[in-house]
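Trainee: Sequence:
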Amino acid sequence: MNQQWRLARTPPAGWPTDGDFEWVEASAPEPGPGQCLTETLYLSLDPYQWGRRRSGAESPGSVCHGRTVSRVLQSRHPDYQPGDFLFNTNGWQRCGLTGDGITDFGYMHPRRLDPTLAPLSSALGVMGMLGLTAYAGMLVQCQPIAGETVVVSAASGGVGQIAGQLAKLAGARVVGIAGDPKKVAFCKARLGFDDCVSHLDPDYPEALRAACPDGVDVYFENVGGKVFEGVLPLLNAKARITLCGMIAQYGDTSGQSPRDTWLAAGSAVFSARKVQVHP
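If you use our numbering, the sequence shown corresponds to residues 100 to 378, in order.
Hints listed in this document are in silico derivations from the structure and should not be mistaken for laboratory results. All values reported here derive from a predicted model rather than from experimental measurement. Check each hint, because a few of them may be wrong.
[As the list claims (entries may be wrong)] Heads up, simulated PhoX-like pairs for lysine-lysine below, C-alpha to C-alpha not over 25 Å straight-line: (1) Lys325 x Lys282; (2) Lys337 x Lys373; (3) Lys337 x Lys267; (4) Lys267 x Lys281; (5) Lys282 x Lys267; (6) Lys325 x Lys337; (7) Lys325 x Lys281; (8) Lys325 x Lys287; (9) Lys325 x Lys373; (10) Lys267 x Lys287.
[What the hints assert, rightly or not] The following label-pair restraints were derived from C-beta to C-beta distances: (11) Leu238 x Ala371: 55 to 63 Å; (12) Gly182 x Glu124: 21 to 29 Å; (13) Gly291 x Ser353: 37 to 45 Å; (14) Leu216 x Ala364: 37 to 45 Å.
Beta carbons: idealized from backbone N, C-alpha and C, even for Gly.
Please model the entire structure based on the sequences and the hints provided.
Mentor: Shown next as C-alpha cells:
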C-alpha cells in the first residue's frame, strides 16, 4: 500500500492551508524494465516548493514534489539492488519509482548512497542542495574574510546554519538571526556563532545593532520583511548580500513579486553604499 500527499488545487496567493492538500492511499506501483521501487526514508521540505505550486509547476492531483533518501525494495534496474540506499525524488509519498522513463518532478538521476561514509539524511542537508546553496551563496558570491562581520538570517535553518559555519571557517565574526530562544541558543552553543539575536524580540533592531557594533559586511538573506529592515541600516559601504530566500514574504497577497518588494525596500541604501546584491 502506498500513501501520498497530493496537491488538491493550485494554491491561491497567501500561506498554505489544509485545503491545498489531500491524503491518498493507493497501490504501490510496479517497476518496469530499467526501474526500481523505492521506499522513502527521509524527505526534504523546502520553502521553494510553495513557489512551484503557486506557479503551476505542479498540477492538482499530482504527488507533491520533494527530494528524498530512499531504500530499494524491488529492482529491474541493472545498477541498483534491493537494500541499496538512493538519493532520489520520490516526493511526498511512501513509495515511488526510480529509473528509466520516470519524468515526475522534473526527474533527477538517482545516486547511490554509502551509509558508512555519512548519515543518510546528510544527502538532503549538508551534503546536498542545502549545503551547496550555503557554499555558493557564502563563499563563492560573498567571499567573507577574517575580521568582517557576517549576519545570517534563519540562522538555525538548513541553509543558514551551514552558511554561518562556513563564514566562521573563513575567519569572520558571525551573528545569527533566529526566532525561538532555543534556536538562538542552538546557534551560539552548538554552531559556534559569535552572537545571535531573536527577531521576535520587541527590541530586535536595537539588539541587532548592539551585536554588530562595526556594522555588517556580509548579509545572507533567507527571510526578508522586518528581519531585513533591521539589517538594512547596518550595512557597511561595499557590503555583499546573497539573496537566498524571503520566506517572510512568500505569503504576500499584494500580487507583487517578493523579490521586487525586497529590492525596492533596499534600493536607496544599496545605491548610496555601493552594496553588491547577488540574487
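Trainee: The structure should be examined with respect to each hint, and the outcome stated for every one.
Mentor: Verification of the hints:
| no. | hint | result |
| --- | --- | --- |
| 1 | Lys325 x Lys282 | 18 Å, holds |
| 2 | Lys337 x Lys373 | 5 Å, holds |
| 3 | Lys337 x Lys267 | 20 Å, holds |
| 4 | Lys267 x Lys281 | 21 Å, holds |
| 5 | Lys282 x Lys267 | 18 Å, holds |
| 6 | Lys325 x Lys337 | 22 Å, holds |
| 7 | Lys325 x Lys281 | 21 Å, holds |
| 8 | Lys325 x Lys287 | 22 Å, holds |
| 9 | Lys325 x Lys373 | 22 Å, holds |
| 10 | Lys267 x Lys287 | 12 Å, holds |
| 11 | Leu238 x Ala371: 55 to 63 Å | 27 Å, violated |
| 12 | Gly182 x Glu124: 21 to 29 Å | 25 Å, holds |
| 13 | Gly291 x Ser353: 37 to 45 Å | 39 Å, holds |
| 14 | Leu216 x Ala364: 37 to 45 Å | 44 Å, holds |
Hint 11 from the list above is the single one not met by this structure.
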